[in-house]
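Let the hints inform the model, and build the full structure from the sequences given.
Per the working numbering, the sequence shown starts with residue 1, numbered consecutively.
What the hints contain is simulated information worked out from the structure, not anything from laboratory work. You may find that some hints are simply not true.
List time: in silico DMTMM-like cross-link candidates among lysine to aspartate or glutamate, alpha-carbon distance up to 25 Å [what the hints assert, rightly or not]:
#1 Lys15 x Glu31
#2 Lys62 x Asp27
#3 Lys8 x Glu31
#4 Lys7 x Glu31
#5 Lys39 x Asp27
Estimated spans, in silico, between C-beta atoms of each pair [what the hints assert, rightly or not]:
#6 Asn72 x Tyr16: 18 to 26 Å
#7 Asn5 x Phe49: 24 to 32 Å
#8 Ile21 x Gly73: 35 to 43 Å
#9 Phe69 x Glu31: 20 to 28 Å
#10 Val74 x Glu19: 32 to 40 Å
#11 Glu19 x Gly73: 42 to 50 Å
The structure presented is a predicted model; accordingly, all values stated were derived computationally and were not measured. By construction, the Cβ of each residue, glycine as well, lies at the ideal position given by its N, Cα and C atoms.
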Amino acid sequence: MRKINYKKQVACKLKYKDEEIGLYRFDFLVEDKIIVELKQGDFYSRQNFNQVLQYLKASNLKLAILINFTQNGVKSKRVLNIR
Numbered sequence: 001m002r003k004i005n006y007k008k009q010v011a012c013k014l015k016y017k018d019e020e021i022g023l024y025r026f027d028f029l030v031e032d033k034i035i036v037e038l039k040q041g042d043f044y045s046r047q048n049f050n051q052v053l054q055y056l057k058a059s060n061l062k063l064a065i066l067i068n069f070t071q072n073g074v075k076s077k078r079v080l081n082i083r
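Below you can see the structure in the form of structure tokens.
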């Protein structure tokens with residue numbers, strides 16, 4: 001069985017006009033390719049999707065998985081950076 005490489009609480013620079021103005025932190029980065037963001041609540045919010053899209057743009061990655069823990073189980077959504 002192959003080991004899956006991942007990092008927890010990964011920092012990513014937030015830049016504006018090529019100047020660093022802060023940091024984003026995503027929950028997990030899998031194989032240096034996929035952001036995994038964990039949430040808890042009964043539904044996804046627009047804010048959840050916007051947050052993950054900002055992570056994708058700042059990191060220049062293409063795929064994130066948004067995982068939501070609800071009272072009725074675990075739900076997941078793929079979020080793509082199409083730019």
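Here is how each hint holds up against the structure:
As the CA atoms of Lys15 and Glu31 are separated by approximately 24 Å, the hinted pair is consistent with the 25 Å bound. Between Lys62 and Asp27, the direct Cα distance comes to roughly 16 Å. Compliance with the 25 Å bound is thereby established for this hinted pair. Restraint check: the Cα-Cα separation between Lys8 and Glu31 comes to about 12 Å, which is no more than 25 Å; the hinted pair holds. About 8 Å separates the Cα atoms of Lys7 and Glu31, which keeps this hinted pair within 25 Å; it holds.
Pair hint Lys39 plus Asp27 holds up; C-alpha atoms about 10 Å apart against a cutoff of 25 Å. Here the CB-CB span from Asn72 to Tyr16 is close to 40 Å, at odds with the stated 18 to 26 Å. For the pair Asn5 and Phe49, the beta carbons lie near 26 Å from each other, so the given range of 24 to 32 Å is met. Between Ile21 and Gly73, the C-beta spacing of about 38 Å keeps the proposed range 35 to 43 Å intact.
Taking 20 to 28 Å as the suggested C-beta distance range, the pair Phe69 and Glu31 conforms, at roughly 23 Å. Between Val74 and Glu19 the beta carbon distance is about 39 Å. The supplied range of 32 to 40 Å therefore holds. Between Glu19 and Gly73 the beta carbons are some 43 Å apart, a value that agrees with the proposed interval 42 to 50 Å.
Checked against the numbered hints above, the structure violates only hint 6.
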